[in-house]
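Chain residues, written in single-letter form:
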Amino acid sequence: MSVFFQAPTYDIASSSITYTMKHKLHAWDGTSKQVNVASKWNGDKLEQISVLAKVSSFNSGLSSRDSHMIEVLDALTLPNITFSSTSIKYNGTEILATGKLQFHGVTKEVQFAVKPKKENNQWLYEGEFPVLLESYNVKRPSLLFVKADDLMKIRFVLVFKDK
Amino acid sequence: MYKRTPLYKTYLLGFLVACLFCAKPTTAQSDSLLQQLISDNKIDSSLIQPPAKMLFTQRALWGTNGLLKNRYSGNDMVANKQKDLKIRRTMLQLHQIGGFVTLGGMVVQGIIGSQLYKGDYKVKDLHENMGMAVNLTYGFTALNGLFAPPSAFSRDKKITSIRLHKWLAVLHLSGMIATNILATQIEDNASLKPIHRAAAYVSFASLATALIVIKF
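As they're listed, the protein sequences go chains G and S.
Per the numbering used here, the first sequence starts with residue 69, numbered consecutively.
Per the numbering used here, the second sequence starts with residue 812, numbered consecutively.
If we strip away everything but chain S, and leave its shape as in the complex, we get (with noise of 0.2 angstroms):
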């Protein structure tokens, strides 16, 4: 049976109507200009493969062919790359702090060495266990800045803060790996607590420059 519309529900949809007419025309005008630049593409898929460059270590572990390739189980790469990025950033705050306090732990172990080096000889065991805390934490801190994964970009031309970082990082990595290898010679061969303590200094100082420099 036909059932008559109420003359009200005419009027408001006459009303929507004509509200729709009236509307401003520049919001949808703009919009369609803006879906003009708007490729279909809704990821940007330039992020997702790995950059051209990077740290051999990195490479090893996150490179296509690096020991990781198969992390994950899933075919979806933003999401894994979402995860990678996610390491990084948690690999990159572990550095940093191990980074602080390694350095503190060089500050002690240079004042309880210059008390050793002065002839105080009971802190020897004391000099030798915060060695090895320090070699400890510097290596820990080393893992977490060489194995981070890669960041999304490789495109620095200039000599950049990064750059200067890992520059020094070389530096002071030589130089406690020649401090450790003279500690062990110094009890056969007094001669070389100098060639010690300066291979020490190097590497207290560059590891120090390596955390100022990032501030820049």
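One chain only, chain G, in its complex shape (with noise of 0.2 angstroms):
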């Protein structure tokens, strides 16, 4: 490690969360490519960061369903989704990161692992973790009057470069 070490840069074009859920009649995506990070770094490791993603920027390629979305997790007063590391810690070849994730204006601690992968000149933050909608008191959205499945899973790519 350089002693003149430059923490890498946030590349937003590149990142994006991506929301899944089912219904007993499909399973759909919404991704937002507007994820932004503010991070902080010792060296070339990660020492903590903070994400926000508005719920308006997901977009499942279907507007009347994003709009239910937005009816659903009452995003015109509770515009973000936002986590907070509270601890990130390195384990091999692993992240195991630990926060607070506010969603629908509900703060819980999370824990889940991130893959971190170097690929050319950047750095690619993987992961995944559960969201119970009804614990974060979202009234599931519903389709034929059958309610969609509480579990929604959040996957997320980070990018960052090297300067």
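If you are wondering where the hints come from, they were derived from the structure by calculation, not from laboratory data.
Being a predicted model, the structure only gives us computed values, none of them experimental.
Just so it is clear, CB atoms sit at the ideal spot from N, CA and C, and this is done for glycine as well.
Restraint-style ranges between C-beta atoms, simulated for each label pair:
1. G/Ser82 to S/Ala1009: 53 to 59 angstroms
2. G/Asp230 to S/Thr875: 47 to 53 angstroms
3. G/Leu200 to S/Asp936: 51 to 57 angstroms
4. S/Asn940 to G/Gln102: 51 to 57 angstroms
5. S/Ile922 to G/Leu212: 20 to 26 angstroms
6. S/Ala1009 to G/Thr145: 48 to 54 angstroms
7. G/Asp112 to S/Gln860: 41 to 47 angstroms
8. G/Lys183 to S/Met888: 40 to 46 angstroms
9. G/Asn205 to S/Met888: 20 to 26 angstroms
10. G/Ser82 to S/Thr875: 36 to 42 angstroms
Could you use the hints to bring the two separately framed chains together as a complex?
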């Protein structure tokens, strides 16, 4: 590690967060490519990170469905989904991230594994974790009077470029 | 008169100050990182304006210059938009119920119609009454779909299930109009019966498909 090591810069254009939801009739994804990140580095190691994505930035490919999500997530008054790390532990090839997830105005501690991957001059941080909608006081969206599953999977890819 | 602070209070204060200084700095630091990202806006103003694209029926009611432009007395744009979205949800749920009831009515009407087609004229009145009922539920369903407040977005570029649903609506609406016009002319011209039946089948098939595509 160089003494003059400069922290990698976040590449918003290559980063994304995707949710996956299931319903008795089908499953769907919604992706946000407007993921804002603030990070703190210790050398080439990520020390702290905060992530923010607007609910309205998630696109499932169906405006009507996204509009329904705006409604169930009260995105007019609770527009942001945020994550703030409280602990980042390097464990061999993986990182164990712990932090506070604020979703639908409810804050809960979450913990998940992150896989860092070096590709050319950039670092990809990939991971996923589950979210139970009702534990965040979200009324599950329904189609044809059948509610979607409570479990929503969140997958993320955050890309940082070496300076 | 000077009153001396009890010793245990001094220790307690000292302990609390020590706790503050010894607390893990990560929480405060990560909160400050997050604050860098959060703008001052507590609401998502991008969602308040009506979408650029909407059906002409929706624009006529809910557009900036629509018939219901003065629907709310208050100036709370967020609360007003929330009300619009709630109305939209209710109307779309009624649209779903109406769609299923209409489809069920069409099945029954198809059975009655086939008996009439075979020469069982006892069911003629029933067929006409059933036709009226199907028209009413169809009209109710169509009104709830066409005049619901617009969604928060209009950003679909590809062929989506909703777009297919709308294209199929044009087909079953045309079929319904044709079926009804032909029904009034059958008494004078019996040769129109097969065309009436074909129009009814097209209406049924396209309505059923419109319901199925929604699931994708």
